[in-house]
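Here is what each chain is made of, one letter per residue.
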Amino acid sequence: MASGEVSLVRLSKSFGSSVAVDGIDLQIPGGEFFSLLGPSGCGKTTTLRMIAGFEEPTSGEVRLDGDDMAGTPASRRNVHTVFQSYALFPHLTVFNNVAFGLRRQKVAREDVRRRVDEALALVELVGFARRKPAQLSGGEQQRVALARALVLRPAVLLLDEPLGALDAKLRRQLQVELKQLQEQVGITFVYVTHDQEEALTMSDRIAVMNCGRVEQVGRPREVYEEPSTAFVADFLGVSNLMDATVTKRSSAGSGASVLLGEGVQVEARAGDTHVTGPVRVVIRPERVGLEDPSGAGSANRVPGMVQRTVYLGAGTQVSVLLATGHKVTALVQNAADVDPGWTTGRPVSCHLPPAALRVLATTPPPAPGAETGSGG
Amino acid sequence: MTRGGQVGRTALWVYFVLFIVFLFAPLVALLVFSVNDSPIPTLPMSGVTTKWFQQAFDNGALTGALVRSALLGVIASILATALAIMASIGLSGGRLRMRTLAVSVLMLPLVVPYISLAVGLLILMQAIGVNTSLTAVVLGHTVIALPFAILVILPRLRSLDPLLGESARDLGASEWGAFRLVTLPLLAPSLVSSFLICFTTSFDEFAIASFLAPAGTPTYPVFLYSSSRTPALLPEVIAVGTLVIALSLLLVAAAEGGRRWGERRLVGRTAAAVAVTGGVVKPDTFTDAAQSQPTQERAGG
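So the protein lines, in turn, are chains A and B. All the letters of the first sequence, read from the start, carry residue numbers 1 to 376 under the working numbering. All the letters of the second sequence, read from the start, carry residue numbers 1001 to 1301 under the working numbering.
Among these hints, one or two may not hold up.
[Claimed, not checked] Reference listing, derived: stretches of chain B covered by chain A, where coverage requires no fewer than 3 residues with Cβ under 8 angstroms from a Cβ of chain A: (1) 1077-1088; (2) 1119-1126.
[Said to hold, decoys possible] Distance condition first, Cα-Cα at most 20 angstroms in a straight line; then the derived SDA-like pairs of lysine to any residue: (3) Lys179(A) to Lys248(A); (4) Lys132(A) to Met1125(B); (5) Lys132(A) to Arg1264(B); (6) Lys132(A) to Arg1260(B); (7) Lys132(A) to Lys169(A); (8) Lys248(A) to Ser298(A); (9) Lys132(A) to Met1045(B).
The set of hints was computed from the structure by calculation and includes no laboratory data. Remember, predicted model here, so these are calculated numbers, not experimental data. Backbone N, C-alpha and C define an ideal beta-carbon position, used for all residues, glycine too.
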């Protein structure tokens, strides 16, 4: 049986003079839950549509299980799509919606019935067979769309922001269910989303896209904790991106010496610690430590003042203005019985642990078209 | 309410009543005189009778014209609707400039006087060496009905979720299969409207029919006109006229009821209620207004 391996080789798509996808290379092994993550307009949906066969590439190849898909129309690829708007046929019952693809394949009647019932059981919609899409809730419609695609046993399932139209709680519930479903069925999922939390929760690997290009590919933990570019760092959550200068590159046993500003030197051990000169550093808010200002000045502790606190329930977001002029957001867990009391205007010492402080090399003001950042 | 407001409202009601009277009085008159026991339609009535209906049905020329018009209407409706579907599909794709031009051309019959069209068609027919014929009448009627059909079908087509067709193809349907199984059933209410409007246009049409129908085989309106010279036929003509009106009313009621039923089956009660009050051509019909909304949210005409 086909393993569902997807290969994109130098894939490009232009609409007239505007470039939607700019030469991307991706290898997705069979059975993986792979996400294309990026902001609107980054080319992720266009890429998905090229895999499905709804758009023809301007150049490059789409390969499924090694076979070049050029010239194969969407109706003949062993790949099916779940759309954000579900695209259920409103004039057909749930049963007939799910049976649609099977009937195109001229499957025998009893087999159609058996497989549709199986598919509905898989998505937990037993008993819904006679209903029409207009009588279903958003979550139920999405399950019908899933059943309709999965009943055909595709090698690869493509999902275009399928949870976008649902409310937050339902979305979280369905994220878990989708992941479980994928593990159960074992086929490749290629999942397009702009929601980084969704991508982090569900994926085996993520490709972060921007302006038609893939900026980084990796496991969720890699992409979040080891971003290779400022864009990836910023897109995957709060990045606390700061301009700084590396004065001494890293050597055995110690990280790079980074000048944050105004005589504030810190050590950074993560990222591009071998370059010198102007760089940017990032640190995740949950790694930033807030301490009593008496400790300011010792290793990697920068004095500052609390500007704002936002209560999040499980934690508190504390915005701090550092003495260097940088603004840093820290995330403090509300785990202690005693409220540490970070209130607006209170002086504080920010601890930026070297292992969590990551250097991102930047090039000086680039000429148009030059690449920024370096490989992860 | 202010005094001025009250006067205004009364005036409006008076206008409305007069309007309705003006519209329906001729029809009521027909009804009255169709059962009047007198060969001349004057008041007071001389008695009630149904003999005019009987005589009308015995009049071969009259019933022949009626049947002929009905048949031509059906054929012209089918042709115009089929062509309109194809035109609408073409107009839904395409680039903006081509589309505006195409639309202008297709809407021309709305502004060209039918009598000019009739004369032109006659000359054309004679140039080809064909004389008057019912085929020519059907073709002429198809041409004039086409814009109406497009105006009914195109908005409905554009209101359909374009992803539905893609979804059908994704699941293995051919282009034709996707059209037959998804697009066509969803277009069905507008097809019914199209048939009705095209049939009415053809049935009522006089100019083209009078020029192009062969002498012995007139259409119903042409027959009516020529029979106005024969006073003896008048009561029969009135009787048939009443029947035609009654049939038309029934047809429209049935079609509208069927259309609402169809909408309900398709999209559920609330959406159908919204859709039914539509049916008006939207200003963005011929432009690139964003179309990608799920079917449940969109209520097409």
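Next on the checklist: Just to be careful, I want the Cα atoms of Lys179(A) and Lys248(A) compared with a cutoff of 20 angstroms; is the pair within it?
Outcome noted: With Cα atoms ~45 angstroms apart, Lys179(A) and Lys248(A) exceed 20 angstroms; violated.
Per-stretch coverage check for the region 1077-1088 of chain B, three Cβ contacts closer than 8 angstroms to chain A: Our answer is that it is violated, as 0 residues pass the Cβ test (under 8 angstroms) against chain A, missing three.
### Pair hint Lys132(A) and Met1125(B), alpha-carbon separation not exceeding 20 angstroms
52 angstroms, violated
Hint consistency between Lys132(A) and Lys169(A) [alpha-carbon to alpha-carbon, up to 20 angstroms]: 25 angstroms, violated
20 angstroms limit on alpha-carbon distance, applied to hinted pair Lys132(A) and Met1045(B):
58 angstroms, violated
### Query
Against chain A, does the region 1119-1126 of chain B show at least 3 residues with beta-carbon separation below 8 angstroms?
Check failed, 0 qualifying residues.
Margin query: Hinted pair, alpha-carbon criterion (20 angstroms max): Lys248(A), Ser298(A). Please report holds or violated.
Written below: 19 angstroms, holds
- Query: Keeping to a limit of 20 angstroms between CA atoms, is the pair of Lys132(A) and Arg1260(B) held or broken?
  - Reply: Holds, because 17 angstroms separates the two Cα atoms, which is no more than 20 angstroms.
Keeping to a limit of 20 angstroms between CA atoms, is the pair of Lys132(A) and Arg1264(B) held or broken? Holds, at roughly 11 angstroms.
Of the numbered hints stated above, those contradicted by the structure are hints 1, 2, 3, 4, 7 and 9, listed in ascending order.
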